Amino acid sequence: MKKIKKLFIVSLLVLLFLPHLNFLVGMTSSSKEVISNEEKNQPSKNYWKAVAECFSLNIGVWAYDWYVKKAEWANISLYSIKKNIKMGYIWDDNSFMANQGDHPFHGAMYWAAARTNGLSFWESVIFPFWGSFFWEVVLETNRPSTNDSISTTLGGIFLGETLFRLANLIIDEQARGIERIGRECFAFLVNPMVGIDRLISGKSWKRQARNGIKHFYDFQVPIRLLGQKDSIGISLTYKNAWAYPSGSWIEPYDYFDFDIRLTLNRKKRPKIERLLSEGLLFGKKDSFSKNCFVLWGIFGNFDYFMMPANRISSIGLGPGLLSELKLNHGWFLNNTLTMSGIFGGSTSSFVLRFGENIFKQYNETHQFGSKEDPYYLGPGFLGKLGLEIGNEKIGSIESNIYCHWVKSIFGTSAKEQVAIVNFLAKVKISRWCYLGIEREYLIRKGFYRHYDPLV
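Everything in the sequence shown is counted per our numbering, starting at 1 for the first residue and increasing by one.
Keep in mind that a hint or two might mislead.
Unchecked claim - The calculated SDA-like cross-link candidates involving lysine to any residue, where the alpha carbons are at most 25 Å apart (straight line), are: (1) 271 to 421; (2) 49 to 134; (3) 271 to 170; (4) 326 to 242; (5) 206 to 170; (6) 214 to 293; (7) 290 to 330; (8) 393 to 429; (9) 445 to 381.
What the hints assert, rightly or not - Ranges of calculated distance between the beta carbons of each label pair, as one might list FRET restraints: (10) 230 to 47: 42 to 50 Å; (11) 291 to 354: 49 to 57 Å; (12) 229 to 102: 22 to 30 Å; (13) 230 to 310: 17 to 25 Å.
Derived by calculation from the structure, the hints in this document are not laboratory data.
In this text the structure is predicted, and so the values were computed from the model without any measurement.
Even for Gly, the Cβ is constructed at its ideal location relative to N, Cα and C.
Start from the sequences and build out the full structure, keeping to the hints where you can.
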């Protein structure tokens, strides 16, 4: 109780004097602390059950859209299917949230249908593509969408594996009673397809022996208190790759970073402010000395920022390098550098400032989103740079930079550059608790023809 009171008093004082900073109370497990939450035996591969679950997911969502929501585009027939096949794919102009958020999550459920039935990472790749193709061609009267297929397939892979592993970390088949119910429900919220599969198979209430598999991870709960825009989140770094012997090739996503933030607006329901996932698709662990280790390879990433007038997304892959240097007396230095080619989206600065007329004078159009929520969509580039220095017993200071560049693929010759700079300092309060402050800056520039860049 004394520690809780001290923590409350310190938080209150800092809130009074630094009202614009983010506050982070975190729980972490060091690399020496492990958790075993997987089944004793890996599930045997069941391709037909995976296909059936993927098919049922599509039919279930379509039935809800048609019988409950009465959506006109769900009024499918043989004629609509033939029309979609004959007319082919187009670029659709749905909202940023639908195209860049909902479709990748839908793809992640296709992915989970494969992974929960024992398929390997690379065997599961076909499922987001197949699920998206069936939905676009068969279960909508609208013509198939090129951008939806890209987002569902690639987003389903890069986000899907992260959500699948997170759900399995939560599940503990040794737990009983309220703890077991809580874990199963939380795993369902993180990955509904994993939860549904466990209910169908009866795994949700079966007790299994531990298999001794160890997982290394760091876990934090960021809390921001700013009055009108409070938020809470989860940040997790999955670090199994660091336990590999030097010189080993790494299994897909045995290293990944995950960060989600929910805004807690008192007048509206909670909304996702950001969802970031970056994992090592394939690579290697090497060492320069007994205290300096590196992970290098190809990383897949999914970024989704949903801030007012600043919406940013990216799905892509590219090279990256992580280093971990252990110094004397518990001090350490960590570095991160990744670069990716992306298919992404970004808020249209010029439409928000000048409206559609700025494009009409050049016989161009702005294609994506509504007039109130316009955005560009297209190829681009993403760079991430991170640096952390600290002590295992004291805490750490870190800084991260995210740089996005998106080029409009349709309708205009515009492009957007967005940089997010993050600073975080945290102090270790107890074995499992950190108190810290976080500050972020957003730097944006929009470009269109000869116009001066919008900042």
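Outcome of the hint check:
no., hint, in the structure
1, 271 to 421, "holds, 22 Å"
2, 49 to 134, "holds, 17 Å"
3, 271 to 170, "holds, 22 Å"
4, 326 to 242, "holds, 13 Å"
5, 206 to 170, "holds, 15 Å"
6, 214 to 293, "holds, 20 Å"
7, 290 to 330, "holds, 15 Å"
8, 393 to 429, "holds, 9 Å"
9, 445 to 381, "holds, 15 Å"
10, 230 to 47: 42 to 50 Å, "holds, 46 Å"
11, 291 to 354: 49 to 57 Å, "holds, 55 Å"
12, 229 to 102: 22 to 30 Å, "holds, 23 Å"
13, 230 to 310: 17 to 25 Å, "holds, 19 Å"
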